[in-house]
Amino acid sequence: MKTIRLTAAQAAIRYIANQLNEDGEPFIAGCWAIFGHGNVAGIGEALHSERERLQTWRGHNEQTMAHAAIAYAKQLGRRRAMMVTSSIGPGATNMLTAAALAHVNRLPVLLMPGDVFAGRGPDPVLQQVEDFDDGTVSANDCFRPVSRYFDRIMRPEQLLTALPRAFRTMTDPADCGPVTLAFCQDVQAEAYDWPEDFFAHKTWRIRRPQPDPVEVRKVADILRTARNPVIIAGGGVHYGQAHADLQAFAERFAIPVVETQAGKSSLPWDHRLNFGPVGVTGASSANAVCADADVVLGIGTRFQDFTTGSWALFNNPDRTLISLNVQAYDAAKHGAEPLCADAAVGLSALAEALGDARFAAPDPALKSDWFSAADRVTDAPESEENALPTDMQVIGAVQRSAGPDTVVMCAAGTMPGELHKLWKAGRPMSYHMEYGYSCMGYEIAGAIGVKMAEPDRDVICMIGDGSYMMANSELATAVMMDIKITLVLTDNRGFGCINRLQMSTGGEQFNNLLDHAQHVNPSRIDFAAHAASMGAETRKVATIAELEAALVGAREAPGPFVVVIDTDPYPSTEAGGSWWDVAVPEVSAREPVRKARERYMENLKRQRVN
Numbered sequence: 049m050k051t052i053r054l055t056a057a058q059a060a061i062r063y064i065a066n067q068l069n070e071d072g073e074p075f076i077a078g079c080w081a082i083f084g085h086g087n088v089a090g091i092g093e094a095l096h097s098e099r100e101r102l103q104t105w106r107g108h109n110e111q112t113m114a115h116a117a118i119a120y121a122k123q124l125g126r127r128r129a130m131m132v133t134s135s136i137g138p139g140a141t142n143m144l145t146a147a148a149l150a151h152v153n154r155l156p157v158l159l160m161p162g163d164v165f166a167g168r169g170p171d172p173v174l175q176q177v178e179d180f181d182d183g184t185v186s187a188n189d190c191f192r193p194v195s196r197y198f199d200r201i202m203r204p205e206q207l208l209t210a211l212p213r214a215f216r217t218m219t220d221p222a223d224c225g226p227v228t229l230a231f232c233q234d235v236q237a238e239a240y241d242w243p244e245d246f247f248a249h250k251t252w253r254i255r256r257p258q259p260d261p262v263e264v265r266k267v268a269d270i271l272r273t274a275r276n277p278v279i280i281a282g283g284g285v286h287y288g289q290a291h292a293d294l295q296a297f298a299e300r301f302a303i304p305v306v307e308t309q310a311g312k313s314s315l316p317w318d319h320r321l322n323f324g325p326v327g328v329t330g331a332s333s334a335n336a337v338c339a340d341a342d343v344v345l346g347i348g349t350r351f352q353d354f355t356t357g358s359w360a361l362f363n364n365p366d367r368t369l370i371s372l373n374v375q376a377y378d379a380a381k382h383g384a385e386p387l388c389a390d391a392a393v394g395l396s397a398l399a400e401a402l403g404d405a406r407f408a409a410p411d412p413a414l415k416s417d418w419f420s421a422a423d424r425v426t427d428a429p430e431s432e433e434n435a436l437p438t439d440m441q442v443i444g445a446v447q448r449s450a451g452p453d454t455v456v457m458c459a460a461g462t463m464p465g466e467l468h469k470l471w472k473a474g475r476p477m478s479y480h481m482e483y484g485y486s487c488m489g490y491e492i493a494g495a496i497g498v499k500m501a502e503p504d505r506d507v508i509c510m511i512g513d514g515s516y517m518m519a520n521s522e523l524a525t526a527v528m529m530d531i532k533i534t535l536v537l538t539d540n541r542g543f544g545c546i547n548r549l550q551m552s553t554g555g556e557q558f559n560n561l562l563d564h565a566q567h568v569n570p571s572r573i574d575f576a577a578h579a580a581s582m583g584a585e586t587r588k589v590a591t592i593a594e595l596e597a598a599l600v601g602a603r604e605a606p607g608p609f610v611v612v613i614d615t616d617p618y619p620s621t622e623a624g625g626s627w628w629d630v631a632v633p634e635v636s637a638r639e640p641v642r643k644a645r646e647r648y649m650e651n652l653k654r655q656r657v658n
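Residue numbers (my numbering): 49 to 658.
Derived from the structure by calculation, the hints contain no laboratory data. Each residue gets a CB set at the ideal place from its N, CA and C atoms; glycine is no exception. Heads up, a few of these hints could be off.
Below, a list of computed lysine-lysine pairs in the DSSO-like style, where the Cα atoms sit at most 30 Å apart [unchecked claim]:
# : residue 1 : residue 2
1 : Lys643    : Lys653
2 : Lys266    : Lys381
3 : Lys250    : Lys50
4 : Lys381    : Lys50
5 : Lys532    : Lys472
6 : Lys588    : Lys532
7 : Lys472    : Lys588
Ranges of calculated distance between the beta carbons of each label pair, as one might list FRET restraints [unchecked claim]:
#  : residue 1 : residue 2 : range
8  : Gly383    : Asp182    : 39 to 45 Å
9  : Glu100    : Lys250    : 15 to 21 Å
10 : Arg300    : Glu634    : 33 to 39 Å
Given the sequences, and given the hints that come with them, work out the whole structure.
Encoded structure:
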């Protein structure tokens, strides 16, 4: 057996660079890195030696670097991914939020934080977390519950099994998620005689699991008896590249389709069978169809509470739940009849089993009435004097400026709910929403990842002032790397979304809007000046007409463009939506809370958990 002598870090990076996807591209497109004492000498030197084949980019925060990597994988439907490396200590734990985000959203990312010395010579090393009762623990053990695969590399030869397991996890359609390889820093520098064939190019194909014939027959029998079936399209439609399959299935059997946050853009918004977004932030058309449905066919959805209205939305007493999902855990949720398979393959098998079945599509007026209501709140105001614009009007302005190549993206705050309700997505993957973890601070870094995944797309990032304040540093990275993205920053002077939730549950306005937080001086943040200080081209606008004009100018901007607009923190789209289970205090001295509790208890009666 021929061998080659390399350090463990050199071997890891060489192996990673040689792993391909089924299109012949490197599965790991590159590495985001912030170096520290725990990774600069080992992993840093190894990345430098492979820099022609595996690019390295430097960000400003480990969490947001990982967000960019995760967004890249999401936008490409998990067909490619990125690596992120940090030092030990705070550099590593900064990535925990991103690991949780990737775990919840079932997205691949390779995290490689440095770790303590396996040999324990300088124990305790700088930044080491010491467990008084367990000498094997380090800060990186925090990654265990938020990693699909976790390993600590304490000997070079452990990579011979750990790395293939890592790629197996990232390319597995059911187990896909974040991988953490905690790399002891002395081991990174240790040499080993590696088998040369370990570094041969390897192609990882994302397989399409076939359904069990018994499950197909059982599900088909249930669906065949339905009077008012509905399809819930989730993120699995995108990851399974099942858009055409979903459209053909819905058209053949005349079954309406509604979309989750992750599944939005599965069908074009104007397709006659797309009845819009579902759930807490859903359309009245979609929610009416779901409330009446006797058979609910979920495709690639994990049935999050926002989708199900905390399981109070599907209230037909004869309702049966079917779940077509590649992950058995999701396929069996809430007593569903499982159809465990790839989305496209499962739809094909189910269509064949249904034969010539045909259902009655809902009244198309439900759809037209909803979009009439949506258009009214997104239209430009007739007069813009002495009134702050609403977030809905901002969405309308962005929609009117969008083209066929636009990707709108967001993550947290007011905009996800309003975009889910109101945005008209024309093609698959034109709507990029991180709502599994709804992580403030994902937006700017995520926009970078989306643009890196699809450089020819027009990427528009919708971000609130709260999220911008949490994580804006990668805007400087976008400028440095000449990544052209457009940020529409809506400044409602605080956490407007949660302020409204606080009010709706009977609470006083408290600690959400900046004016209602304890302060000595009123907040006066100049977001346009701040963004400009990092090198972005910026505009501060006051009206919807000015916003639309600025967005026209954004197309001609050579690099990142930021447009800031003050908005009213109180209005939201009244039409659509459904109840969301947010527990209201059982005891309170305040009458508004007691009344909110009464409403809460009434809504709980509609909740059906199985």
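Each hint tested on the structure:
1. Lys643 with Lys653: 16 Å, holds
2. Lys266 with Lys381: Since the Cα atoms of Lys266 and Lys381 sit roughly 17 Å apart, the hinted pair holds (cutoff 30 Å).
3. Lys250 with Lys50: The given pair, whose Cα atoms are some 18 Å apart, holds under the 30 Å limit.
4. Lys381 with Lys50: 50 Å, violated
5. Lys532 with Lys472: Judged against 30 Å, a Cα distance of about 23 Å means the pair holds.
6. Lys588 with Lys532: Distance of about 19 Å is within 30 Å: holds.
7. Lys472 with Lys588: The given pair, whose Cα atoms are some 26 Å apart, holds under the 30 Å limit.
8. Gly383 with Asp182: 39 to 45 Å: 40 Å, holds
9. Glu100 with Lys250: 15 to 21 Å: 20 Å, holds
10. Arg300 with Glu634: 33 to 39 Å: The hinted range 33 to 39 Å is violated for Arg300 and Glu634, with Cβ atoms some 50 Å apart.
Hints 4 and 10, counting from the list given before, are not met by this structure.
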